[in-house]
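There are 2 protein chains.
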Amino acid sequence: MTKGQQTRDTILQTATQIASKDGLEGVSIGKLAEQLGMSKSGIFAHFGSKEDLQTATLDLAWEIMAGHLSTANTAPGLERLRAMLNGWLLYLEHSPFQGGCVFMAASTEFDGQPGKVRDHLLNLVVHAVGVLFEQLSTAQHLGHLRGDIPVPQMVFELHAFLQAANNAYQLSKDPQYFEYARHAIERHLSMWQTSEVL
Amino acid sequence: MTKGQQTRDTILQTATQIASKDGLEGVSIGKLAEQLGMSKSGIFAHFGSKEDLQTATLDLAWEIMAGHLSTANTAPGLERLRAMLNGWLLYLEHSPFQGGCVFMAASTEFDGQPGKVRDHLLNLVVHAVGVLFEQLSTAQHLGHLRGDIPVPQMVFELHAFLQAANNAYQLSKDPQYFEYARHAIERHLSMWQTSEVL
DNA sequence: TAAAAAAGCGAACGTTCGTGCTATTATTTT
DNA sequence: AAAATAATAGCACGAACGTTCGCTTTTTTA
Numbered sequence: 698m699t700k701g702q703q704t705r706d707t708i709l710q711t712a713t714q715i716a717s718k719d720g721l722e723g724v725s726i727g728k729l730a731e732q733l734g735m736s737k738s739g740i741f742a743h744f745g746s747k748e749d750l751q752t753a754t755l756d757l758a759w760e761i762m763a764g765h766l767s768t769a770n771t772a773p774g775l776e777r778l779r780a781m782l783n784g785w786l787l788y789l790e791h792s793p794f795q796g797g798c799v800f801m802a803a804s805t806e807f808d809g810q811p812g813k814v815r816d817h818l819l820n821l822v823v824h825a826v827g828v829l830f831e832q833l834s835t836a837q838h839l840g841h842l843r844g845d846i847p848v849p850q851m852v853f854e855l856h857a858f859l860q861a862a863n864n865a866y867q868l869s870k871d872p873q874y875f876e877y878a879r880h881a882i883e884r885h886l887s888m889w890q891t892s893e894v895l
Numbered sequence: 698m699t700k701g702q703q704t705r706d707t708i709l710q711t712a713t714q715i716a717s718k719d720g721l722e723g724v725s726i727g728k729l730a731e732q733l734g735m736s737k738s739g740i741f742a743h744f745g746s747k748e749d750l751q752t753a754t755l756d757l758a759w760e761i762m763a764g765h766l767s768t769a770n771t772a773p774g775l776e777r778l779r780a781m782l783n784g785w786l787l788y789l790e791h792s793p794f795q796g797g798c799v800f801m802a803a804s805t806e807f808d809g810q811p812g813k814v815r816d817h818l819l820n821l822v823v824h825a826v827g828v829l830f831e832q833l834s835t836a837q838h839l840g841h842l843r844g845d846i847p848v849p850q851m852v853f854e855l856h857a858f859l860q861a862a863n864n865a866y867q868l869s870k871d872p873q874y875f876e877y878a879r880h881a882i883e884r885h886l887s888m889w890q891t892s893e894v895l
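Protein chains in written order, with our numbering: chain S, 698 to 895; chain X, 698 to 895.
Any given hint might turn out to be false.
Since the list gives no way to pick out one identical chain from another, each pair is judged satisfied if it fits inside one copy or across any two copies.
To be verified - Here are the simulated lysine-lysine pairs, BS3-like style, with alpha carbons at most 25 Å apart: (1) Lys737 with Lys747; (2) Lys870 with Lys737; (3) Lys700 with Lys718; (4) Lys813 with Lys700; (5) Lys747 with Lys813; (6) Lys700 with Lys870; (7) Lys718 with Lys747; (8) Lys728 with Lys700; (9) Lys870 with Lys813.
To be clear, the hints were calculated from the coordinates, so they are not data collected in a lab.
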């Protein structure tokens, strides 16, 4: 890895932390420069525009999040779904980002700001939700979950619990909300489970 | 009402719209001045600091929201709870704010920013959630809802659906999410309902 | 090791930000 | 109508913003 790419990565690492705590607009060139002991222009040269810095920040945040959602060695269907939801909860509770999930924060920050950043963000969010969709769908086809509730409806509800836990925790710093989310998710999964699968 | 108070109200009205679309930090003195055809100092004099402008904006937003949540002519308990949740959904779907619920947006914006604004916001949010708590609690004591699920747990889940609908809709502009939320809420209420009621 | 390319610095640009003054109008009150 | 008060404008400030440019240093390639 060349020196430039190394620096770029360090910059983005710091950027994800700022994005988590102060929002994606809070990722300013000056703040990064000060925090990293570099010049503004030195930072800037790596990206060419603030928008590109922001989308690159999202990309790194995505990699970091994905690294916390390992579903290796789990059988497809309900088991993998459980592993994924557990991973997501652990990722939110013991977050690699000091200010909570970058994507949930950025979503409400950019939902009304058309442009490159919003589009990029939307892509990533759709992809993340799609992963949840896929597992629920698989679990249903395998007969692990009942078929009387549409998959998108289940996606909505599970995703809602994750978002709510993240938001409430960040605002109150009370980890109790993760327990609420855990209970909610567990109750719903066992509710949706078919009888033959214990 | 004196002229000054009238102007102040006009300013705050505009401020709530900006807060909804661009966030509470996006409520800048300059933007307000331009949008209202006034001078920056003219705007500023009404509040004395940006923080006070922001908290005043939250207060007006609160009044506006409260005006959309009428539960008049409803019996306490399950009926009033239903009315309240319906009102909240309608408020989110046909929002008086162009960029979605000011409080949900401001919550993720200020959760990591200690200070007067965050404290004020937290107070309002706690109060709003408290109203939900109260109705669920009443409905349970009246025997309308089963007692095997703790009230805070139910508050968490219902609130999660409202938040998720607002967030997903603002990001995608797809009103379908409100239907998901409606179905989720209805299913849960009837699930938690005791048999003797209806 | 010399030449070429990449990385980084420093200063300046035009804007916008919140805030502080001093006037100058409007509006109340007497 | 006169006096007192409230409301707004105008101007300036220091700071932070993203961005550009030219120059120097470091790193890579040949």
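Verification of the supplied hints:
{"no.": "1", "hint": "Lys737 with Lys747", "result": "within (12 Å within a copy, 28 Å between copies)"}
{"no.": "2", "hint": "Lys870 with Lys737", "result": "neither (34 Å within a copy, 37 Å between copies)"}
{"no.": "3", "hint": "Lys700 with Lys718", "result": "neither (28 Å within a copy, 40 Å between copies)"}
{"no.": "4", "hint": "Lys813 with Lys700", "result": "neither (28 Å within a copy, 43 Å between copies)"}
{"no.": "5", "hint": "Lys747 with Lys813", "result": "within (11 Å within a copy, 30 Å between copies)"}
{"no.": "6", "hint": "Lys700 with Lys870", "result": "neither (39 Å within a copy, 43 Å between copies)"}
{"no.": "7", "hint": "Lys718 with Lys747", "result": "both (18 Å within a copy, 21 Å between copies)"}
{"no.": "8", "hint": "Lys728 with Lys700", "result": "within (22 Å within a copy, 42 Å between copies)"}
{"no.": "9", "hint": "Lys870 with Lys813", "result": "between (32 Å within a copy, 17 Å between copies)"}
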